[in-house]
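**Q** These are the residues of each chain, in order.
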Amino acid sequence: MTTTLDRQDIQGLVTRGYSTLPRAGFLVFAITQPTAARAALGRLARRVTNGLSEPSDTAVNLAFTSDGLRRLGLETPELGGFPYEFVSGMTAPDRSRFLGDVGENAPRYWRWGGPATPPVHVLVMLYARDEQRLHRLEEETRQGALAGGALAETIRLGTAELTGHEPFGFRDGISQPLVEGLSKAEGLSKAAAAGAGGGGEGDQVVRAGEFVLGYPNEYGLLTDRPLLPSRYDPDGLLPRTPQGAADFGRNGSYLVFRQLRQDVEAFWGYLDAQTRRPDGSSDPAARDALAARMVGRWSGGAPLVHAPRQDDPALATDNDFGYFATDPDGLRCPLGAHIRRANPRDSLDPRPGSAESVSIGRRHRLLRRGRPYGPDGSGDGTGARGLHFIGLNANISRQFEFIQHTWLNDPDFNGLHDAPDPLVGPRQDNRSTFTEQGRPVRTRHLALPQFVTVRGGAYFFLPGLRALHWLCTAAPEGGQQ
Amino acid sequence: MPYQLAVTVRASVPAARVAEVQELLREAGRKGTAGELFPFAEVESIHFARVVLIPEAPGGTDAAMPASVVYMAEVDGPLEAHLRDLVRKAGDGLGRVFGLCDGYPAGGSPGSSERAQIAWLRSHGTSCAAYYVNTAGRGRQQIDQEARLREAIEEFLDRNGPALAGASPAGVRAAIQEHVKGRADLAWARARPAPPPLGWRVRQAVHLVGVPLAALALLPLLVAALPVWAVLLRLHERRDVPDPARPSHDHVRELADCEDFVAQNPFTAVGSVKAGRFRRATLTAVLFVVDYGVRHVFNRGNLAGVRTIHFARWVFIDGRRRMIFASNYDGSLESYMDDFIDKVAWGLNAVFSNGQGYPRVRWLVLDGAKDELAFKNYLRCHQVPTQVWYSAYDTWTLRDLNTNARIRAGLFGPLGPAETEAWLALL
Ligand code: HEM
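First to last, the sequence lines map onto chains B and R. The numbering of the first sequence is the working numbering, which starts it at 1 and goes up by one. The numbering of the second sequence is the working numbering, which starts it at 482 and goes up by one.
Rather than coming from a laboratory, the hints here were simulated on the basis of the structure. Treat the hints with caution; some may be incorrect.
As the list claims (entries may be wrong) - So the derived label-pair ranges between C-beta atoms look like this:
id	chain 1	residue 1	chain 2	residue 2	range
1	B	Gly-220	R	Gly-606	43 to 51 Å
2	B	Asn-430	R	Ala-648	27 to 35 Å
3	R	Arg-758	B	Ala-92	43 to 51 Å
4	R	Trp-669	B	Asn-430	28 to 36 Å
5	R	Gly-782	B	Val-102	30 to 38 Å
6	R	Asp-666	B	Ala-92	41 to 49 Å
7	B	Ala-266	R	Phe-769	56 to 64 Å
8	B	Glu-140	R	Gly-642	54 to 62 Å
Where is the CB? At the ideal position from N, CA and C, for every residue including glycine.
Turn these sequences into a full structure, and let the hints steer you where they fit.
**A** So, in structure tokens, the structure goes:
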């Protein structure tokens, strides 16, 4: 059984990362006048790119925080059907603790989305083929949105041209879960059905309901989603559930946005210091190798599991591997490497190497849609570089938050101790280490500095197009003032 | 090597004082770990300890199911020594909270004699219907020592890494042995940990054989009863009404306020047993089997595939009309619940399907927890905030503790080449 996705109703960002549109800018708005804002957003909604089209010029997507939805008039108690994490928001104290947004990462220091900065209600994501088109798109969007004072611009988040490499210099965007019902997944799902096992490509076809609400997830169930009494939708704009409720959630997804500043100098500086020769001179080859071991791939993209000694251009986008059979002890790709944590593939309990292990992993996947920014200053001050990390999932708690807390930030991940993610983990003390497993014994790098700092973020809902239309035209009047 | 006891002391609170207890616990638990009011860190026998308020049964008015204050701790035996130390070090705090309960000696004034307090705690003790210990016999002292041993070896390797890079595995191990031998503070590492006391081992052995023997004797009876029980079970299961409630966001926030401060988390939940004798009897029988299983089968670090639970207990209260489940586990609640669903759904179903509102179960073990969100909602709805909670080793997960123990076990004594490599890989 395969699921057919209603791609016409799903926002385009779910089905593609717009790699043919290398320019992007994100506008964050606060709603000042709900009624006028609905009209303005309604006009913008007509331009929103759906999951069927293959935009070659520009693309627009729209997402809302829980506060934004409320202000637009979605007034069910506790926003019933939306999960706790989304409704309380990314900066609730319990979420901050959970995500490691403490110390330097604390929301009170954020550029946007924190308690000290203007409200975040609407995220407008703009993509274009070139700078000129992006500029025009942005101006049009601004004019439409700001006309009549309906919305106020909280911040503009610029991005760097998409080159396929993130600011530390590594190829990014290689490994993505393949979503059931989207074209590339189709051929591979056969391989998975044939019981490929081992954590390779075929195992990565993930049920559509892990990313899009209203479809069966990896448990074969529908993830909780906001359903409204049908009287909220007298005109029948929203799809109906078999029980007759108006389905506001269907074809929607949760969009996790985190602005992550990358301290590129500190990163390479630390690596350089750790790999000096006995005479004190730099050893570029050793430095690059240590960097690769922290990531789990070489800067060109080749995975260490298949290319343990040096980068290999032929393997630049290789994603067909597991860890258990080739490298159970981390001798090729260290147990604490970023990609080995972010997606442990076939190394999860209770039986690493088994199909069961891989299927447990499939419940913790993310569609990554991030864009790099900097150093031109449009991102976070002159010289600052980083990643606008964007992840899509259907269950924030089981997917994004789980990966962040239980895999990336956990100092005890995978049998390690005092070892959070070497690349992106927060460090609250001087204890963080990175271990390269080896023979006869491991090499441990001590006092790992923090290389990535959170500068902003929020949990958004990326509604289906009909839901978007309903929200901007037919949601009950009189959102919170 | 001591054995680990589950201590449960429970006393009911008059309805008029519930708010006061809540306030006191909130105050005491402010920083997420038990601090000044309950200085559990000074009580050396404690692995984990908590003080919680168990609310009265939903619906209120039933005098037989009142609100209560419960002290629960996992401690190195014997009990007497623990209570004495507890009253000495944390007597004031316990006096204040239990002083709000019915009948605490001298109204909880700090002057009430130690002996009276101990006697009162004892008389309010409740036994567990089932009690799981991840690794039976591993005491506090052993855990602390093995953690220090690992740290000492890791530091030695950090300092001497380059010098040892060319050595053979056996050579590296010999160097580590030399280093440890040279440290008087690690002298204990040369011996194996002592086994638990003989008396305890004898009782375990008697239980191990005694229960199957008794079952064998009752076998004809059990076989005859089984079909009847199965029919009754299905009849009950068909009539069950799962509770579709989602936890309120305020409730989740209150729970989350007590979670995710250190490597482990506490879980405390309470629920009503489904009405009628059949469910009560079934649950009693299931927990009897669970208790046997965790004592003799799953007592080596692995609860049917779940390796992240330090301790867990099931305690009947209110004349077996309600049950408390309490545990200490590594990681987050989300990962804990996912483990439940992915690995031991059958076991949870067998126990909790006898509780009101649980997702629909067939044949005692099927479905139930497999309904992911219904199950997670059920757990959250029944969970109570664990405001006062203490962990004696809050940066060490079970995986760590097991690694530490294996490092110690393999440090001295003969190892083959492959074993030596495997041992070095632990570091
Ligand atoms: C500035 C911060 C980050 C940087 C520089 C970074 C960098 C990278 C790189 C270079 C890769 C390998 C390329 C690829 O497989 O596509 C990767 C993979 C990945 N990252 Fe990150 N990352 C960052 C933050 C995060 C965060 C916060 C998460 C999740 C919470 C995350 C989740 C993942 C996942 C799931 C993969 C794919 C792993 C696989 O399937 O093998 N990353 N990242």
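**Q** All hints are to be evaluated individually against the structure, with a verdict given for each.
**A** Cross-check of the supplied hints:
no.	hint	result
1	B:Gly-220 with R:Gly-606: 43 to 51 Å	holds, 45 Å
2	B:Asn-430 with R:Ala-648: 27 to 35 Å	holds, 29 Å
3	R:Arg-758 with B:Ala-92: 43 to 51 Å	holds, 45 Å
4	R:Trp-669 with B:Asn-430: 28 to 36 Å	holds, 29 Å
5	R:Gly-782 with B:Val-102: 30 to 38 Å	holds, 32 Å
6	R:Asp-666 with B:Ala-92: 41 to 49 Å	holds, 45 Å
7	B:Ala-266 with R:Phe-769: 56 to 64 Å	holds, 59 Å
8	B:Glu-140 with R:Gly-642: 54 to 62 Å	holds, 60 Å
Of the numbered hints listed earlier, not one is contradicted by the structure.
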